[in-house]
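Participant: Chain residues, written in single-letter form:
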Amino acid sequence: MNAIEQAVRWLNDPLNWTNPGGILDRLGEHLSMSAAAVLLGCLVAWPIGLWLGHTGRGGGAVLLVSNVSLAIPTLALLTILPLTFLGFGRPSVVAALAVFAVPPLLANAYTGVRQADPEARDAARGMGLSGGQLLRRVELPLAVPYLAAGFRTAAVQVVATAALASFVNGGGLGQIIRAGFGLDIAAGGGQIIAGGVLVAGLAVLVELLLALVERVVTPRPLRRARRGADRRAADAVAGGG
Amino acid sequence: MSLHLSYRAEPENPWFSWQYVRDNSDTILAALREHASLTARAVLIAAVVALPLAVAAYWFRSLAGPILALTGVLYTVPSLALFAFLAPYLGIGVVTVLSVVVLYALLVIVRNAMAGLNQVPPEVREAAEGMGYGRWRRLFRIDLPLALPGILTGLRLATVSTVALVTVGVVVGRGGLGQLIFAGFQNNFYKAQIMTGTLLCVLLALVLDLVLAGVGRLLTPWLRGRVS
Chain Z
6 MNAIEQAVRW LNDPLNWTNP GGILDRLGEH LSMSAAAVLL GCLVAWPIGL
56 WLGHTGRGGG AVLLVSNVSL AIPTLALLTI LPLTFLGFGR PSVVAALAVF
106 AVPPLLANAY TGVRQADPEA RDAARGMGLS GGQLLRRVEL PLAVPYLAAG
156 FRTAAVQVVA TAALASFVNG GGLGQIIRAG FGLDIAAGGG QIIAGGVLVA
206 GLAVLVELLL ALVERVVTPR PLRRARRGAD RRAADAVAGG G
Chain B
1080 MSLHLSYRAE PENPWFSWQY VRDNSDTILA ALREHASLTA RAVLIAAVVA
1130 LPLAVAAYWF RSLAGPILAL TGVLYTVPSL ALFAFLAPYL GIGVVTVLSV
1180 VVLYALLVIV RNAMAGLNQV PPEVREAAEG MGYGRWRRLF RIDLPLALPG
1230 ILTGLRLATV STVALVTVGV VVGRGGLGQL IFAGFQNNFY KAQIMTGTLL
1280 CVLLALVLDL VLAGVGRLLT PWLRGRVS
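Sequence order for the protein chains is Z and B.
Throughout the first sequence, residue numbering follows the numbering used here, covering 6 to 246 in sequence.
Throughout the second sequence, residue numbering follows the numbering used here, covering 1080 to 1307 in sequence.
No lab work stands behind these hints: they were computed from the structure.
Some clues are possibly wrong.
Going by beta-carbon spacing under 7 Å, a handful of chain Z positions derived as facing chain B [claimed, not checked]:
1) V49
2) L75
3) L88
4) L169
5) F186
6) G194
7) A208
We put the beta carbon where it would ideally sit given N, CA and C, even for glycine.
Make the full structure from the sequences, and use the hints.
Facilitator: Structural data, given as structure tokens:
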């Protein structure tokens, strides 16, 4: 009778997991969609962010991208992109999600390079490194903790946003919630909550997992400085306070 | 044959249509009004709840960790999931939308207000204490005014992201301009309707952001000379 019991019963039914369009199918769609979007975001945002940070120009543009993207409703992008040349289906959903992955990736790549110790940069120059070598051998390694932090923020955000793909029948775990809302709230309440638990659980799980990965890829000497770095990078996204 | 085909060209479906805006001004205005009022109410409620929380975390350092951790976890939870948790209990309607939106705005405001309060220079705090300021008087005369830039940044961020988030409310039937966007999608992909909803969303966010920026300028006259 009560919605939580219904949700438990719904989750406890093996058919709901293995059916075509069941939980496992949706989970696979959700993860592949998110992975593709984050990958696309990285391919676009990291080179630009690193280059802008290297040249020291474009700080204003990075800020602008971050702030404007906040104001664009996810729903709008998800409905607009299928009507363009991308067409219906996976490509447009992935593109829409990638748009929301770009700002954190870009801002953190930019900040990561900018915060590299100017003395290290000067020393590398003195050793005769060219601009490209400087970026590759000095600035990029020093920016890795920031890149990792940006990746984590972007990935979690994309996994969370991917739930909205269900609005355009794009698949993913959100579809379970939407299907529940499609029923009557009294009949679908259990399924709605079950879907919510799955979506929220996946997002939190990804967050925890990536936090762990982030810790592992950060070189030990840089770990102490990282705590402040997170906040500084977040400030960059937030408009510099 | 070709003449015949050209005669039956597909019906026009432009991205921008002034005709659509004129013909449906009532619906559009109603959606805009709903969107603006939902946003305003959400940010107001969130601010009223968030500021005392931030002050509590500022006064009692042991509270800061748990508050930040909790807000961090809550922020990870996708909006659609939050709707899913609340809708079966709060029903289909304004209350559910408002609850979800308030929750996210709350997190943004708390974080920025805490950052702002923690930036108050210790010398200033000590000077105020030396002058015999009590805890409350120091809060209102010293701490809060100095933290105002941080608080305002939080309010602006919360407002802009709330405008975007309200659209997700279509899932429980109250999405303001989101309803316009979604209806356009379902209504044979009516591009003009989708685009109008989207542009009004972005415009609303921009206007509200500018208003808050203006208020901030008025409230912090001592910062005006400096370059931000």
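Participant: Are the hints correct? Go through all of them and say.
Facilitator: How the hints compare with the structure:
no.	hint	in the structure
1	V49	violated (21 Å)
2	L75	holds (5 Å)
3	L88	holds (6 Å)
4	L169	holds (6 Å)
5	F186	holds (6 Å)
6	G194	holds (4 Å)
7	A208	holds (5 Å)
Of the numbered hints stated above, the single one contradicted by the structure is hint 1.
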